[in-house]
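So the protein sequences, as listed, match chains A and B.
Each residue of the first sequence is one higher than the one before, counting from 97 in the numbering used here.
Each residue of the second sequence is one higher than the one before, counting from 2 in the numbering used here.
These aren't lab readings, by the way, just hints derived from the structure by calculation.
This one's a predicted model, so the numbers in the text were calculated from it and none came from an experiment.
C-beta atoms are modelled at their ideal positions from N, C-alpha and C, and glycine is treated no differently.
Each hint should be verified, as a subset may be incorrect.
[Claimed, not checked] Residues from chain A shown here face chain B by an in silico Cβ test under 8 Å; the list is partial:
| hint | residue |
| --- | --- |
| 1 | 170 |
| 2 | 171 |
| 3 | 173 |
| 4 | 174 |
| 5 | 177 |
| 6 | 203 |
| 7 | 204 |
| 8 | 205 |
| 9 | 208 |
| 10 | 213 |
| 11 | 214 |
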Amino acid sequence: MPLDTSFLTSRLDAAIGWARKYSIFQYPFVTACCGMEYMATACSHYDVDRFGAGFPRFSPRQADVLFVVGTISHKMAPVLKRIHEQMADPKWVVAFGVCTCTGGFYDNYATVMGIDTILPVDVYIPGCPPRPEMVLDGLMKLQDKIQAQRTTGERAAPEARPDILAR
Amino acid sequence: MNDASLIESVEARFPEAVSTAHRFRGDATLVLRRESLLDVARFLEQDPAFSMDLLVDITAVDYSAFGKGPARAFFRSSGVALGPAAQIPDEDPWPGPPDARRFAVVYHFYSMVHRHRLRLVVPVGEVEGATEEVDSLVELWPGANWLEREVWDMFGIRFRGHPDLRRILMYDGFEGHPLRKDYPVNKRQPLIGPVN
Numbered sequence: 097m098p099l100d101t102s103f104l105t106s107r108l109d110a111a112i113g114w115a116r117k118y119s120i121f122q123y124p125f126v127t128a129c130c131g132m133e134y135m136a137t138a139c140s141h142y143d144v145d146r147f148g149a150g151f152p153r154f155s156p157r158q159a160d161v162l163f164v165v166g167t168i169s170h171k172m173a174p175v176l177k178r179i180h181e182q183m184a185d186p187k188w189v190v191a192f193g194v195c196t197c198t199g200g201f202y203d204n205y206a207t208v209m210g211i212d213t214i215l216p217v218d219v220y221i222p223g224c225p226p227r228p229e230m231v232l233d234g235l236m237k238l239q240d241k242i243q244a245q246r247t248t249g250e251r252a253a254p255e256a257r258p259d260i261l262a263r
Numbered sequence: 002m003n004d005a006s007l008i009e010s011v012e013a014r015f016p017e018a019v020s021t022a023h024r025f026r027g028d029a030t031l032v033l034r035r036e037s038l039l040d041v042a043r044f045l046e047q048d049p050a051f052s053m054d055l056l057v058d059i060t061a062v063d064y065s066a067f068g069k070g071p072a073r074a075f076f077r078s079s080g081v082a083l084g085p086a087a088q089i090p091d092e093d094p095w096p097g098p099p100d101a102r103r104f105a106v107v108y109h110f111y112s113m114v115h116r117h118r119l120r121l122v123v124p125v126g127e128v129e130g131a132t133e134e135v136d137s138l139v140e141l142w143p144g145a146n147w148l149e150r151e152v153w154d155m156f157g158i159r160f161r162g163h164p165d166l167r168r169i170l171m172y173d174g175f176e177g178h179p180l181r182k183d184y185p186v187n188k189r190q191p192l193i194g195p196v197n
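Make a model of the complete structure from these sequences and hints.
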């Protein structure tokens, strides 16, 4: 059997997932101090480009993953929602920092108590702020999730927050 | 001028306007009657001995819950040490709220020329449920515009003569003034999403 007839098989789901998870175009929605940690992760020291996510797009129409980095106020919430709606499918959302996960230490008139009250969230990265290692860990979890997604759009159910489960 | 001479000069010029004055750790504070704020402020800005050319800040205090909470025990249990601050010798201890009225609007001035600073406190009360109005300082310091809008937004104190007095931090449709002590601490008015 001559060598040039060799071939490789894969499922379409797996091939597309592999391509998607290593070409993440992220939209950083940075509002607060977590932005410093986001920048540390994105720059050469921790080098988020190793995971294929080194290309931030500042238009939601060109982005795959919405990184919500920092506290979201009630005044900001409609803007964030509109940004998410402007992104083309398939799209994912990462809650970066404890303020976006649960509201963090804010419990007052101004702050949204977790962006999952207004958006579907795929990965939660808690911490105030999270260390770059945690961000990379969250990014790898997101890659696993992207890999597992079907071409039909079917995807794993979003993680539920423990305090929602208890209710 | 130092803190003592600042107080003396204003008291000599406006004996009717100043109700009390005090010094606390080197900072001079004058408590003014509400009606004379504009006259005193104009004098501070224009008199060459004062030349208060920088309006540093305008803020307000709601004293309606003052002294009613478990403040000392709370701070001690939260790990904030009270000891060292209490050991600082005070020739002029902090005198507490300016008077019995609910609010106080606080102005901080600084002179870039003379490098002295002065604080004005204007007590603001409530008459039949309505908060009294304070004269706007926008005509003297344009920077007062946004600061007074913030005080209106957060405390609901109106400024007479302000060119555009509307909310600056909270959104249209927000009801109430969130830094008033009677605003419920957990009350939320979200634009979208659940009341969480």
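Hints versus structure:
1. 170: holds (5 Å)
2. 171: holds (5 Å)
3. 173: holds (5 Å)
4. 174: With a closest approach of 5 Å, the residue 174/A hint holds.
5. 177: holds (6 Å)
6. 203: holds (7 Å)
7. 204: Hint on residue 204/A: holds, closest Cβ of chain B at ~7 Å, below 8 Å.
8. 205: Result: holds, 4 Å to nearest chain B Cβ.
9. 208: holds (7 Å)
10. 213: Status holds, d = 5 Å.
11. 214: holds (4 Å)
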